[in-house]
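Asks: Each chain, written out:
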Amino acid sequence: MVSGYGLKIKMKRNSSTKKEQQFWAFTFLFFPLMLLAIFVFIPILFSLGISFFNWELMASQQNFLGVNNYIEIFGDKIFYKAMLNTVLYTIGVVPIQTMLALFLAFVMNQKIRGRVFFRTAFYIPAVTSSVVTSIIFVAIYSKEGLLNSILGNFGFAANDWLTNPHTALISIMMLNIWTTSGYFMVSFLAGLQNIPNSLYEAAKLEGASRRQQFWHITVPMVRPVTYFVVVMSLIGCFQVFDQVFVMSDGGPNNATTTMAYYVYQNAFRYFRLGYGAATAIVLAGIIMIVTVIQKKYFPPNPY
Amino acid sequence: MVKSTLKYLILAFSLALIASCIRDKENTIRFSSWQSSPSEKRLTDSLLHCFSKKYPEYNVKFELIPGNYSEKIQLMLGTHSAPQVFYIKDFVAPSYLRYDVLQPLNEYIDKDTSFDIDDFYPQFLDAFTKNGIIYGIPKDFGCFVLFYNTDMFKAAGINDPPKDWAELEEFSRKLTKDANSDGKIDQYGIVVEPSIDKLMPFVFQNMGSFQDKDGNLTLNTPEFLEALEYYYGLYKKNIATIPTDVSMNNTEEVFGRKRAAMVISGGWFVPQLKDQYTDVNYKVAFLPKGKQMATIAFTVSYSSPKENLLKEESWKLLSYLTGKEGMKVWTSTGIAMPTRKSIAAQLDYINHPEYKYFMGSVDFAKVFQVEYNERWYSITQSAMQAIFYEEADIPQKLKQMEDDMKSLRIKK
Amino acid sequence: MRAIKIQKILLFTILSLGAMVYLGPFIFSVIVSFSDNKNLINQPGQIVNSGWTLRNYIYIWKDLPFATWLFNSVVITACQTVTNVFFSALAGFTFAKLEFRGKNLIFGAMLASLMIPGIILIIPKFLIINEFRMINSYPGLILPGMISVVNIFLMKQFFETMPKDLVQAALIDGCNYFQMFWKVFIPNSKPALAAVAIYTFQGTWNEFMWPLIATNTSEMFTLPVGMASLRYELLTDWPAIMAGTILVSIPTLIIFIIFQRYFIQGVASTGGKE
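Residue numbers (the working numbering), protein chains in the order written: chain A, 1 to 303; chain B, 1 to 412; chain C, 1 to 274.
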């Protein structure tokens, strides 16, 4: 009898909380979801819509073009150049950055004096504004800048790094490696600290050298972190913009025009918002394909 | 914890609220321009000062826009935040005029009897007129002329500036020399630039054009090709140089630092020569003649946006700046030439030893406007660079330029 | 033993050299920013000898609208950090602890939107803000960044680790769900809130593309946009530009050094969870 009474109360409570939960959930989510709808969900669809128009900022009416923007993209030499630059940039930056970050983390993971200092030193470029680091590097790369004066000591001729079409892109790549490798080092460091020490002890007992330990224990064990780092830096590299804007404006002769910069240029320099949106969608498609391929062929956990 | 979070929340929002309340006074006329030199800024300030002295009831706020001026103004027009009065370059005017964003000025001009619109040189007014509607009043003009180093000319035994293409090439050859005979040329005849604006005078001299009356491109024509081949030929024959070859920023610097005997430039170069390159003895001349005399004129207008709460006030400022009084203040320094005939007559620049070449060019100078999307400029720039840096095939490049630009045509 | 010692020294040398590469550019820019001579940017040695001055900092602060930009950056960063922490906690809590219709659908849509690269949002966001007539205004700069899916995701994951009993206990105590969120869950989630706050702070303070597009006049610029415009305005007045870069970096640096633990934890927690 008593227990039956209790059950009744419980049931009643449960059903009322369900309704209550529904109410509170929608109250709580109302404002966040509205913002997300206006600034994320709708824009995704809207951008697809814009890409079918000859969308002009100052015009009162927009002309429908159908897929013409996309057709134009496939005949656009600068678009190909931008794509090539972006791919070169990504291929250059991602592996070096990842390996450098892993290497630094591996070294840092040893018991060493001044660890906190080193960690801070490596991390500072990552927390600094990209505009600031770009400006500093413009000074360093300039013809009379620091880099040339250092290289001059070794007998190299002065090079204007950012206006020479052969070195401009590489210079920006170096800057990116410098800024973000410290950030990813911290990711790796966390991954390394999760590796149980017993694994290394066992390896040592079997006479594995430090190098063997690195390749056979460290590298496989941080694979999930590596996956994360590669995805993050891929996405970042494919969309590189700030550095290009500040350092070279896409020049000389489009040698540093990247896809994101080209999107910006079309939309906000030439005011071809429809064409810009179409290039952005193509870029997004490429990024998504690459991440899917990566997930398929280089999964975070092979098992 | 909760309380302090709430406190920060309130603090942040009140900050934002206060910040958005700090706004300009209601009747402030915002005025924007770019600045090509500090002395131009001083002149603008003093002109605006004259205006507020005369009309103390108006507030004018000068908002200078550094870098990428035209883009910024177009963005502001498109985003409903344009200043009330601003400059427009003739060069980019077509991309403004095709939209309904600028204030037609005809009714104000008709009402304002003292303004006297017929006083303006028609070709400059035309640059800002479409279908008879005037969207901007030209404030001044400048044009390309030839600057030549008289010491170098004397040393080479030449007395007068070149009069035609043949002489330009001949003199350039005589003026190109390797003074210390180390195999490197120290002094070139002329400094050119892989840029369309420097090329266009030659095209016009050769009876060519960029586009025809109907707006079709005319790059792939014998006249254009011949002009480009002549222009590039000066460089190819090693009697002309380009700034990057001598590690300098622009052609004016090359001339100022005595690495070239001639340069094509405009009135804005004169103050630089007087302040920075004091040891250069130079003279000015008309550009040499091709099949005809021709040069490019540059003019800038004052315009107003259509979306504007202060239309009467804006016209007051605009008409003062381009009126007889304002223009006289502005042009009496010689920074640019007047676009009003009456002011030109008053200042008598046609008899001035230097300015007469600028003022005298009015008769044959063409305003260079292109009715294609802004992107046309980067396309031509890249093509010119490819020709100069990579020795690209010229007829093929011209054809390619036309193809690349076709889709960018501004529809009427 | 000896081999280990040599190895230690070797590692230490590698790290020191690395630290020099990573900190060198900043040291260089500090030195240049105090330099008295505008023409010396190539030889740090010569700069050190050329005389020190505070003039560049005074010039940046007094003759340029640097204070305005700083104010804008502070307002925007403060607003976005506070709203992000609050809304992402609220939404994360809802997804972690409440049952409601359409939960999986909404959450799935959010996860899917994470897959979409941000670049395609720029143009439509600009047009939407322009429709609201908010370009070149604080609302236009703040609204689009008031919430982020990543933060919601982080908070959801954090709240999921908290025991379900807490909900029951709070209900029995007679709390409604907001009180429960505010009085029980929030006070117990300091590390996660700190991570979200720090992430948002860092992202907003350094954000470049959106303020670049959403502002037109110098009085609405944020620090990064203002700095980028200085590069063209001051051209080769490197000491003044470098003074600006140092001033921009100082706030982030201070915050980083104070909250270093949270930064590192934050990176580590996002890294492990993919």
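Warning: the hint list may mix true and false statements.
Said to hold, decoys possible - From the structure, some residues in chain B lie toward chain A, with a derived Cβ separation under 8 Å:
| id | residue |
| --- | --- |
| 1 | His-80 |
| 2 | Val-101 |
| 3 | Val-367 |
| 4 | Glu-371 |
| 5 | Glu-374 |
| 6 | Gln-385 |
No wet-lab data here; the hints were simulated from the structure.
Glycine included, C-beta positions come from ideal geometry on N, C-alpha and C.
Asks: Look at each hint and say if it fits the structure.
Replies: Consistency of the hints with the structure:
Hint status for B/His-80: violated, given a least beta-carbon distance of 11 Å to chain A, over 8 Å. Taking 8 Å as the C-beta cut-off, the interface hint given for B/Val-101 holds, the closest approach to chain A being about 5 Å. Taking 8 Å as the C-beta contact cut-off toward chain A, the hint placing B/Val-367 at the interface is violated, the least distance being around 22 Å. At a threshold of 8 Å, the smallest CB-CB gap from B/Glu-371 to chain A is about 15 Å, leaving the interface hint violated.
For B/Glu-374, the interface hint holds, the least distance from its beta-carbon to any beta-carbon of chain A being 5 Å, beneath 8 Å. Here the hint on B/Gln-385 is kept, as its CB sits about 5 Å from the closest CB of chain A, short of 8 Å.
Checked against the numbered hints listed earlier, the structure breaks hints 1, 3 and 4; every other hint is satisfied.
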